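This is what each chain is made of:
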Amino acid sequence: MSELNLLIAGRAGQGLQVISRTLGRMLVRAGYHVFVSQDVMSRIRGGHNFARVRVSSEPVAADGDKVQVLAALDPALVERHVPDLSEDAVVVTEAASDLPEGVNSIVIPLEDLAREHGGDPVTANAAAVGALMALVGLEPAGLDEMFESEFGRKGEDVVRRNVAAARAGYQAVAEDHKRCCPHRLSPAPGLGQDAGAKAGTVPGREDAAAIRYSPRFRGHVPGRLLVSGAEALALGAIAANVRVVTGYPMSPATPIVEYCSRHAQEAGLIVEQTEDEVSAANLAIGAAFAGERAMVCTAGGGFCLMNEALSLAGMTETPLVLCVGMRPGPATGMATRTAQADVLFSIYAGHGEFPRAVLAPADATQAFQAAQEAFRIADKYQTPVIILFDQFMGDALWTVERESLRVTNDQAPMTNDQGGLKPYSYRRYEVGAGGVSPMLAPGTPEQLIYADSDEHMEEGHITESAAMRVLMVNKRNAKLAGMRAEVEVKAKVEVKVEAKEEAETLVFCFGSARGVVAEAVTRLRGKGRKVAMVHLKHVWPFPREAIGSITGKGRKVVTVEQNYTGQLARLLLQECGLSAAGTVRRYDGRPFTVAEVEAGLGRLITDERAKAGA
Amino acid sequence: MAEDKAWTSSAEITWCPGCGNFGILTALRQALAASGLSPWQVVVVGGIGQSGKVSQYVGANFLHGLHGRALPSALGVKLANPELAVIAVGGDGDMYGEGGNHLLSAFRRNPDIVCLAHNNGVYGLTKGQAAPTSTLAFTGKYPGAGTHSPPFNPLAVGLAMGGSFIARGFAGDVKHLSRLIGDALEHKGFGFIDILQPCVTYNHVNTAEWYRKRVYDLALESHDPSDEDAARARILEWPAEGDEVEIPIGVFYRSRRPAYETCGRAEARTSSAERRSADPASVVKKALEEFR
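Protein sequences, first through last, are from chains L and H. Position 24 of the first sequence, counted from 1, bears residue number 1041 in this note's numbering, the numbering being contiguous throughout. Position 238 of the second sequence, counted from 1, bears residue number 282 in this note's numbering, the numbering being contiguous throughout.
None of these hints come from the bench; they were simulated from the model. Wrong hints could be hidden among the right ones.
To be verified - Covered stretches of chain L (chain H as the covering partner; in silico rule of three or more C-beta atoms under 8 Å from a C-beta of chain H): (1) 1126-1136; (2) 1460-1468.
Claimed, not checked - Here are a few chain L residues that face chain H, going by a calculated C-beta distance under 7 Å: (3) L1243; (4) A1284; (5) I1287; (6) N1299; (7) G1303; (8) A1304; (9) F1306; (10) E1309; (11) E1503.
Owing to the predicted nature of the structure, the values given are computational and were not obtained by experimental measurement. Backbone N, C-alpha and C define an ideal beta-carbon position, used for all residues, glycine too.
Chain L with its partners taken away, still in its complex shape (with noise of 0.2 Å):
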């Protein structure tokens, strides 16, 4: 595997998003794999973002270790850097001035550049993707058509600035090679071979140390996109015929509601920004009550004020999903920051006991099936379902292989069939297999639904008899064998193909952990350890008996997760009665790296003390 890393650097506001994006995209088009991670301050403006961009001729979903190229689009913001950079690093900035000792330095004056040619200093980001683009030698073919893509929703004006910065970018760097290639930046790893591309030399710099410019571009991959996790969701949910989407803006969620709203009109969306998040669920569950599929978009905070509701959803047996991306915290925590430490929460929220389910999605191809098994389950079972995400994954932008977003249109819409029952007798909590009822939306003539949050009779009116409330209990909560049956089915196959027979170790994770364990694993692996990783993403109802048939056989379980106490391992040893030996954590608001997980797991590994799980 041939990889290259880049980092962008820049105050909050300067568009650095766009530059990822539109880089990440144009590489992904070129044929190479990408993956982009944000790293970005609770402020609007100034203040210290940035986003790394990995390339590779293999699949990546993890950020890369050392980074070979820093565009920053403030000089000063280099330094901090300075332990990100590989030892040949070269950093793309405006000015030398300021500049830390030792680094290799190509100064372009972004600005100016997008002054003269973008007509506006705002787009330096634009100059800044075609000098990266040069850098790692894409040709400008198709710039017209990304930044069409990107802002033709601001016209065509815009358009035009921005592909004229670029270009100007690019020139910048594609034709002053003597400015841009100073001695000791060599070419980026084997980029672009793999890949059938004849590798080609600066004119003037035929020496081996010199960039390799293009001809690389081998013109559009059709099969490949770069996608965030947030984008997938909203997709997911698209395909699964949602109708109502809901939220109160809350990072990390609010890109969810914000692709559902852009897409309203073509989609068949009604997409609400409710006064707060508590209408966002009560509000979805009048819609799903209703007859459509609902959604509803927020972050952990957002969610504990919609508790109630879930609550109500589980009482009033209304599928609802819900997105629940997780950040820091307690309370207001790291806003634009991720964790995964509200899968507990997540299990257990609600007053009383109702049965839902959890997902962890990994990465956005997962969150694309993810959003559609959400609705699936929600109306087979009649129970709200959370997604689990974090701002890691939802801002993340992956890259997907288009064949793999598979619409399933399994949905089974709701009819106002009334099967031949008899006028005003539909009861719409009547007993049956499994705890599920046939469900009919308001509406369908002549049959009244009742959904009530009181305990309630089959037909739906408030009830306090004792023995009713034990009837209703054991009827709600059935569902749960239900959903739980199909989760063990799932995990079987999937925990089978991850748990490697001859793995000693087993390293559980769930979300957004899967692509930097999968990589720490690999790299073990190749250096002889004997372990393997099990990625969880139905988190509840737990998988435990396909847990239970891989280990034992004095196969010792860790964990990796992003919080402080060690919420997966719990339920570890809550539902399969394993004792974790040990925990690989991380809950500084910033994301794990393969690195560090590759090193905490080999301690782990080779602590004698660290018993074999029980």
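We have chain L already, so just place chain H on it with the hints.
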């Protein structure tokens, strides 16, 4: 067993004898019977309290939800299926206390929903605490249960928020109230009715007799509901201190504003049936072009 016929319910009514809710329930049933709607075309969304139980007793579809949250759920029902007639029912604690934010938004949004706020100036189901509409004279069932704040004026708030149908009824005048509810049902927008209601058990200040002596019908005073200034003046007549106050009932203000679910929202006008015929796979396929 469900044995509902037109505007009757098999549910056992659990209110105190003499409760103002009986008058409101009767008025609502009369208005619905006169509306020409069938029970299956109507959804009543109830809050929690004695008032919210109306949702179970009317004999229509119901979603008996959470305390304070009838309005958001009602909006969800209306957005999902605009063909349904939607009525949100709650008490003063529901609509003015716990759910105050939703009421503000409902006035501003103007969805085609009827909102009945049972206002008895006291919390009944929790046994006699002060409500947002309790007067300063209200002392409550036990010391400290009274209010030390002036009463909430929902109609003034509604007018300030751009409400399009602002009315007050009296549970003791069923004929008047049922006409008022009928008007709110016909109104294309947020039909808000604050309903004065005695609480025979816990409110010994604002009794049925107390109200009966003070209420007067705006319609008999040649009040013009399209005149915002006149509406404001009438709205500010009550709540007020003193024993000589008079309390206007009827429609204070009415304006024509597009209903929320129909204004500038092409996607909302797509009916459920049309939408179901659309293939989500083709929508996604097109959307994915953006990510190349």
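Verification of the supplied hints:
no.	hint	in the structure
1	1126-1136	violated (count 0)
2	1460-1468	holds (count 9)
3	L1243	holds, 6 Å
4	A1284	holds, 5 Å
5	I1287	holds, 5 Å
6	N1299	holds, 4 Å
7	G1303	holds, 2 Å
8	A1304	holds, 4 Å
9	F1306	holds, 5 Å
10	E1309	holds, 4 Å
11	E1503	violated, 22 Å
Violated hints, listed in ascending order, are 1 and 11; each of the other numbered hints is respected by the structure.
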